[in-house]
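S.K.: Now for the letters of each chain:
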Amino acid sequence: MAEKIIELQNVTKYYDDNLVIDDVSFYVKKGEFITFLGPSGCGKTTTLRMIAGFDLPSSGKILLHGEDISLLPPNKRPVNTVFQRYALFPHLNVFENIAFGLKCKKVQNTYENVKGERYTKKEKLSKKEIAEKVQKALEIVDLEGFEKRSISTLSGGQQQRVAIARAIVNEPEILLLDEPLGALDLKMRKEMQLELKAMHKRLGITFIYVTHDQEEALTMSDTIVVMADGVVQQIGTPTKIYNEPANTFVADFIGESNIIAGTVVGEKKVRFCGKTFDCLDKFEPNEPVDVVVRPEDIRMVSPEEGTLVGKVISVVFKGIHYEITVQVGKYELVISSTESREVGEKIGMTVAPDGIHLMKPNYTTNIFDGVITKHNTVAFADGEFECDVTQLYPGSYIDEEEYLITASGEKVDLTGMQVKVEVGLNDITISDDQDAGGTMGRIISIIYKGDHYRLIVRTEEEEEDFVFSTEDLWNENDLVSVIIPKEKIKLTRKNLEEKKKR
Amino acid sequence: MKFPHFTRKTLCIPYAVFLLFFVIIPMLVILFYAFTDRNMNISLSNFVRFFSDPTKLSTIVYSIVIALITTVICLLIAYPVAYILARSKMKKKFVILMLFVLPMWINFVLRVNAIRELFNLLASLEGMEWLSASNYFKTVFGMVYDFLPFMILPLYTTMLKIDHSLYEASADLGANGVTTFTRVTLPLSMPGIMSGVTMVFLPSMTNYVVSDMLGNAKVTIIGKFIYEYFGTDWHMGSMVALVLLIVVFLSTWLSGGFSSEENVRGANL
Chain A
1 MAEKIIELQN VTKYYDDNLV IDDVSFYVKK GEFITFLGPS GCGKTTTLRM IAGFDLPSSG
61 KILLHGEDIS LLPPNKRPVN TVFQRYALFP HLNVFENIAF GLKCKKVQNT YENVKGERYT
121 KKEKLSKKEI AEKVQKALEI VDLEGFEKRS ISTLSGGQQQ RVAIARAIVN EPEILLLDEP
181 LGALDLKMRK EMQLELKAMH KRLGITFIYV THDQEEALTM SDTIVVMADG VVQQIGTPTK
241 IYNEPANTFV ADFIGESNII AGTVVGEKKV RFCGKTFDCL DKFEPNEPVD VVVRPEDIRM
301 VSPEEGTLVG KVISVVFKGI HYEITVQVGK YELVISSTES REVGEKIGMT VAPDGIHLMK
361 PNYTTNIFDG VITKHNTVAF ADGEFECDVT QLYPGSYIDE EEYLITASGE KVDLTGMQVK
421 VEVGLNDITI SDDQDAGGTM GRIISIIYKG DHYRLIVRTE EEEEDFVFST EDLWNENDLV
481 SVIIPKEKIK LTRKNLEEKK KR
Chain B
1001 MKFPHFTRKT LCIPYAVFLL FFVIIPMLVI LFYAFTDRNM NISLSNFVRF FSDPTKLSTI
1061 VYSIVIALIT TVICLLIAYP VAYILARSKM KKKFVILMLF VLPMWINFVL RVNAIRELFN
1121 LLASLEGMEW LSASNYFKTV FGMVYDFLPF MILPLYTTML KIDHSLYEAS ADLGANGVTT
1181 FTRVTLPLSM PGIMSGVTMV FLPSMTNYVV SDMLGNAKVT IIGKFIYEYF GTDWHMGSMV
1241 ALVLLIVVFL STWLSGGFSS EENVRGANL
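Sequence lines, in order, name chains A and B. Letter by letter, the first sequence follows residues 1 to 502 in the working numbering. Letter by letter, the second sequence follows residues 1001 to 1269 in the working numbering.
Hints are supplied without guarantee of correctness; some may be wrong.
[What the hints assert, rightly or not] Within a straight-line C-alpha distance of at most 30 Å, the following computed BS3-like cross-link-like pairs (lysine-lysine) qualify:
#1 A:Lys360 with A:Lys488
#2 A:Lys105 with B:Lys1161
#3 A:Lys103 with B:Lys1092
Calculated from the structure, these hints are not laboratory results. Note that the structure is a prediction, hence the values are computed from the model and not measured.
Please take these sequences and the hints and turn them into a complete structure.
M.R.: Here is the structure:
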C-alpha cells in the first residue's frame, strides 16, 4: 500500500456555533487523485481549506507525512491551491502570476569554497531559473506565448490554466483544487477534466479535488470521499461507490437510482413492489430494508416474462439512452435503456440478483430529548406538542386540576421532567400553515422511494431532524410546520427521580 | 397626450451654457490677466516678478512641504484604519467608518475654531507654552484632522473591492504577511492611495482657512497668496492661480489619474 501523505484524525470544525465538519477521519495516499464529493454546504470545501491552512480545525489533527500540521499557516505548507474563482492577481500579467510563488521561495544551495569546504546557503531562485520554470509550467497548461498577457484579457478557460500553472510551478506535494471547473461551460469542462487527469498522471503529484458534480468525480478520481452534513458518508473507488453505495444518500446522490422500501423474506430473498427477488446481500429475515436498483439494471422484457409488470408513463431521450418511467402498481420505477418504448405500453421487467442492493434504512424512528411543561405538553425540537402524559405512569390519570394521579393515588407534578420522545416515520405530517403544528422547520432532504417520499425537516434553532414519509411532493427548503397527533407521541421517563408534590 | 421629446442634444444645452460661463470664460480671463501687466499689455512681467522674489518662492516651497507632510500623515493614519475596516467581518464596521467620516458633516470653520480653542487652552498649561508659537505644527495638525476622511474613504472603498481569496492565494503560494502586503495589498490599493493623496494634497495647498486660524496668520500657503493678490493686483493673482493649476495638472497626470483605461476599482479621481 502506498504511503499516507495526509491524514485527518477526528477533525471537527465549527463556524461560530455551527458544526460544519463533524468528526471526520480519513487519509489520502501519495500520488492519488482523491475527490471530495457532496452537495453544497456538506463541508467538502471547508475540509479542503483546512488542508490548505486557510481554516483551522476546532479539534482533531491534520497530519502530513505523520507530522501534525493542523496549526501551520498556509505559506509554510507544501500544498498549493487552485481556487474556485481562480483568484489570479489582477495587477500582474500571466508570467508574474505564475512566478509569484517562485519569487517567495528560498532554496538550499550547496557550494564549495576555495578550500574545498562545502557550505549551504538559503537563496532565492535566480531570474533565469524562475523564467525556465514558468516556461515549463506554461507548456504543461498549453499557454506558451501568453507570458505578457494581462489577466483581464484571458477567457475563463485560459484563466483556469494560468491558475493551475501558478499552483503546479511550485512543485507542491499536494495540489488542492476547489471546484476549479465550476465556471466553465460543459464542453470546456469535459476537456479540462481529461487534461487534469492526464496532468495528474504526468506530474505524479497528489491531487485533492472538490466538486459537487458526481459525474466529474466518477470520471476523474482514484478515490471518492462522499460527504453530507459535515460527515463522511462513504470512501471508495468510483466503481465501488457507484455499485455498492453505503446508504440511500450515496445511492441517491451518485447517479440515478430507484430506492424502494422492501422487506427481507428469506435467505438472500427480498420483497419489494409486491414481488420477491433473489439478491446477493444477506440480511435477517423480516428486516425492513431500502432496496436500491440502478436504472440500467432493470431489463425490459415482454409482460409474460417479467417479474414486474407495469405501464410506461414517460419516455425521455437522453442522447445515448432513453429514460423510461414505468408505473408498477403504486410504485414508479425509472429505467435507462438504449431501446425505446411507447408511452402507455405494458412492459415486463426483470432485475438480476447483482442489480439489487439492500441497505439498512437510515431511520426507523425519530427520537428526541424532551421536557414536560406546565400544561402537560412536551417540549422538544424548538416546539411544544400536546401529548398523553399518563403513559409515563401505567394506570395513572389526570385530575381536574391537571395533576397526574398515579395508580397508587399519588399526585405528581411533571413540570420539568426529562423524557425520551419517540415518533414513528409515518406519524408525522407537515403543513404550509405555520400555526398548524407544534414546531417549524425547513425541508432539507427529499428522497423518492418508489411510492412515497422520504423527507427530512430540520428545525431552525436546535437543528433537530424529523424524518418521515409522505406521498405528497414538497419542495426542498420550504418552511413548514410539523404536526404530530397527540396519541402518536411515545414518551418514556429518562430518570426515575420524581418530583413529588406534597 | 404627447410628451415633449428631448433629444440628447437639447438636454446638453444647459450644461454647455454652464461650462461656457463658469469654466471656460473664467479660465480665459485668468489666462488673460496672468499674461498682461497693469496697462493690459501682454507681458511676462508677472512671472518674472514672482519668480525673482526669494521670499515668495520660499513661501511656495513651504506650502508644498506642508501639503506633503499633511498628506503623508493622513496616509499613514488612514491606511491601517481602512485596511482593518475593509477586511474585518465585524457587523458594526460601518458605524466605526461613520465615526471617522462624521466630522466632514460638521461646519468646517466651526471645527477649525474648536481646534484653535483647544490649542489655546493647552498652551495656557504649564510646560505647554511652546504650543502658542508652533504655528506650523498646529497648521499641519488642523489639516490632518480636517482632511483625514478624504483619505480614509477612497482607501476603504478600494480595499473593500479586493477579493479576499487573493490574500489566501498569496499565502498559499508561500508569501508571508509582509510579502503579501507589498506584493498584493499595496499594488491593489494604489488607485485608492492615488485618489486619497489627490484629495488631501490639493486642499492642503489652497485651503488657507486652516493656516490662517491655526497658524496665527504666520503660515502662508499658495491659496492665501492668491486671495491676497486679488485684493490688490489681479494680474499677479491670476498668475499664481495659473501656476497652481499647472502644479495640480502635473501631479494628477503623474499619478495616472487621467489614464483613459477603464477604472475597474473605481476609486480613482
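S.K.: Now tell me, hint by hint, if it's right for this structure.
M.R.: Hint by hint, here is what the structure shows:
no., hint, result
1, A:Lys360 with A:Lys488, "holds (24 Å)"
2, A:Lys105 with B:Lys1161, "holds (28 Å)"
3, A:Lys103 with B:Lys1092, "violated (38 Å)"
When held up to the earlier numbered hints, the structure conflicts with hint 3 and nothing else.
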